[in-house]
Amino acid sequence: VPEQLAEVEITRTIPTSGFLVPFTALVQGQQGLWAVYTLKKTDKSDNPNFFQVQRQEVELLHTEGEDAFVRGLVEAGDRIIKDGTQRLVPGQTVQFKKAGEAEGAGEAEGEKKYQNMK
80 VPEQLAEVEI TRTIPTSGFL VPFTALVQGQ QGLWAVYTLK KTDKSDNPNF
130 FQVQRQEVEL LHTEGEDAFV RGLVEAGDRI IKDGTQRLVP GQTVQFKKAG
180 EAEGAGEAEG EKKYQNMK
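Using this note's numbering, read the sequence shown as starting at 80 and increasing by one per residue.
If you are wondering where the hints come from, they were derived from the structure by calculation, not from laboratory data.
Be aware that a few hints might be false.
Using C-beta positions, here's what the derived DEER-type ranges look like [unchecked claim]:
no., residue 1, residue 2, range
1, Gln131, Gly108, 42 to 52 Å
2, Gly151, Glu86, 29 to 39 Å
3, Val168, Gly144, 42 to 52 Å
Here are the simulated lysine-lysine pairs, DSSO-like style, with alpha carbons at most 27 Å apart [unchecked claim]:
no., residue 1, residue 2
4, Lys177, Lys161
5, Lys161, Lys176
6, Lys119, Lys161
7, Lys176, Lys119
8, Lys176, Lys120
9, Lys177, Lys120
10, Lys177, Lys119
11, Lys120, Lys161
Note that CB positions come from ideal geometry on N, CA and C, so glycine has one too.
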């Protein structure tokens with residue numbers, strides 16, 4: 080029909096591998112790049128809960144609510160720091176505790192599990 084407008088939405092799926100992480104875990108770098116902080120086992124302590132902070136560059140593919148879909152050098156099984164990243168520096172030694180562990184509550188209620196998405 081002449082002179083009528085229509086709004087069309089085209090959905091296209093492009094398969095790609097990456098990780099779904101909390102948006103709060105993203106650290107903004109220079110020139111619009113993004114990174115996440117991960118925990119690497121350290122040999123400096125006999126305590127198995129001590130880790131060294133590592134900065135891993137990631138590419139932000141898209142966001143979904145409170146989560147971000149990224150790809151980069153992060154590997155399946157890496158522990159990603161999701162909160163308090165502004166207080167961290169690469170190479171810093173930290174102690175790993177699950178959410179709510181300090182209060183003796185075990186795993187925090189509603190704790191969300193993030194994993195590798197392929």
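Of all the hints numbered above, which does this structure not satisfy? Sort the numbers upward.
1 and 3
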